[in-house]
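In terms of the numbering used here, the sequence shown opens at residue 3 and continues consecutively.
Be aware that a few hints might be false.
With beta-carbon atoms standing in for the labels, derived distance ranges [stated by the list, open to error]:
1. E360 to K271: 17 to 25 Å
2. K308 to L41: 22 to 30 Å
3. Y391 to E360: 27 to 35 Å
4. K5 to H107: 16 to 24 Å
5. K40 to S358: 28 to 36 Å
6. H107 to K271: 44 to 52 Å
7. L329 to E231: 28 to 36 Å
8. E8 to S335: 28 to 36 Å
9. K5 to V257: 33 to 41 Å
10. H251 to S20: 42 to 50 Å
11. N411 to H243: 20 to 28 Å
12. R260 to K22: 48 to 56 Å
Keep in mind that the hints were calculated from the coordinates and are not lab data.
Don't be surprised by glycine CBs; every beta carbon is placed ideally from N, CA and C.
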Amino acid sequence: MEKLIEANLYKSELIPVSGKLVERYNKCLIKLGFKPTKLKNFLIDGIGWSPEIAEEKEDLHYLNNGDANPHGIVISPLQKGKPVYLPFHTFDRDMMKYVFKIHGHKIKDITRDCAICIDFDQDIDVFYEPLDVLKYNKVNIHFHLMNNLDAIQEEQLELIETFKRDNNFIDENLHKKLLDSAKKYGDLRERDLELHELQFTTDSFYTRAFGGVYILRDFISPIVVFEDEKWHKEAIKDTNHDIFIFHIHQKELMVKLRDHMIIEYNLEKEVNTDRYERIKKYEMSQYLNKPEHLIKDILSNPILFKSYLNKLKIDDRKKIMSVERYLEKLETSNQYKIADIVDPKIFEALHKPHSSLEAKHQDLIWKLLVNVAPKDVLYWYWYDKESFYKSYENWDESLKEWVVETISNNI
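Please take these sequences and the hints and turn them into a complete structure.
Put into structure tokens, the structure is as follows:
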């Protein structure tokens with residue numbers, strides 16, 4: 003990952019945690035029912051997730067009590083606006099933006115000496131069947147202050163009211179209680195420690211539950227797409243819901259998404275875009291076996307690209323250039339069909355969200371399309387970093403250089 007780190011493309015906006023903040027973080031972990039970390043230094047993202055702790059615990063989703071009960075930890079106002087690097091749901095980022103929009107000023111004050119646990123409660127204690135994900139509707143966001151600072155504030159205020167009554171101002175025991183509380187917790191009289199519950203409404207989204215599921219319910223008919231074949235097979239047994247259910251690699255999925263005007267394509271336009279060039283070059287890289295030149299140079303130099311293209315087997319050549327071959331043939335006759343010439347995965351990769359979709363839905367559909375056909379390294383990096391990082395680790399060093407340069411030039 004060195005090249006990605008040097009280019010600030012690998013979790014570059016994480017917040018360092020050390021000293022007292024580690025102690026506060028651990029109190030939150032214990033409060034949520036998890037074991038504390040043994041690490042003395044680590045990094046966290048906007049929702050409080052740490053890659054180092056995930057590695058320590060050998061659990062990417064260590065902040066979850068099962069798929070139905072995700073949590074967050076806020077220990078610093080610096081988490082405001084920071085990325086959520088491994089969201090369990092695609093709406094997690096939006097929820098954290100909402101939390102800081104409503105409670106940002108209070109969070110800045112509270113985190114001076116206290117950590118905050120966040121419970122994202124959708125009134126589902128546990129999932130039993132894959133289509134339980136359809137129960138997602140409203141998420142109630144609850145806040146819990148460590149050290150019960152809000153309760154201690156109430157105690158201080160009660161002590162002060164007692165102090166004011168009758169002749170209690172001469173009560174030395176009362177003096178001591180007030181002073182002890184102030185020394186330990188500070189003067190809490192003027193601090194606003196009340197973080198009232200928030201409610202967040204979901205629409206279409208992706209969740210990592212059941213191996214990864216897309217819930218598309220803002221369109222003509224609800225569509226549920228499973229990444230995991232086991233859970234897809236389980237879901238199609240359900241006859242109680244009037245929805246379309248697909249596995250992500252079913253051919254029928256793309257057809258349905260086009261019919262519902264969720265995605266679209268225009269090969270004539272796409273062939274002239276940078277995106278098409280990235281897809282074609284990445285596809286080419288998959289056929290370069292021990293080349294004499296660096297892969298980066300082959301993909302960047304048109305002369306070398308053509309040279310190596312001509313050295314490939316004819317079927318591989320046809321696959322890489324299938325879109326251009328199809329468009330050339332269309333100029334002479336309209337009898338040709340896309341399926342007869344264009345490689346299916348390249349064709350899928352050249353789809354995009356329908357232009358009529360809202361921005362938030364476009365992002366979700368881009369993520370879905372990237373998962374269907376991960377061919378464009380830039381969009382792959384943007385919309386599914388976890389999958390991108392896993393694949394990146396196994397690439398040729400020279401291909402990594404080309405990928406890093408390609409992404410860096412588009413940010």
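Results of checking the hints against the structure:
no., hint, result
1, E360 to K271: 17 to 25 Å, "22 Å, holds"
2, K308 to L41: 22 to 30 Å, "51 Å, violated"
3, Y391 to E360: 27 to 35 Å, "29 Å, holds"
4, K5 to H107: 16 to 24 Å, "40 Å, violated"
5, K40 to S358: 28 to 36 Å, "51 Å, violated"
6, H107 to K271: 44 to 52 Å, "47 Å, holds"
7, L329 to E231: 28 to 36 Å, "35 Å, holds"
8, E8 to S335: 28 to 36 Å, "51 Å, violated"
9, K5 to V257: 33 to 41 Å, "39 Å, holds"
10, H251 to S20: 42 to 50 Å, "44 Å, holds"
11, N411 to H243: 20 to 28 Å, "45 Å, violated"
12, R260 to K22: 48 to 56 Å, "55 Å, holds"
In this structure, the hints that do not hold are numbers 2, 4, 5, 8, 11, in rising order.
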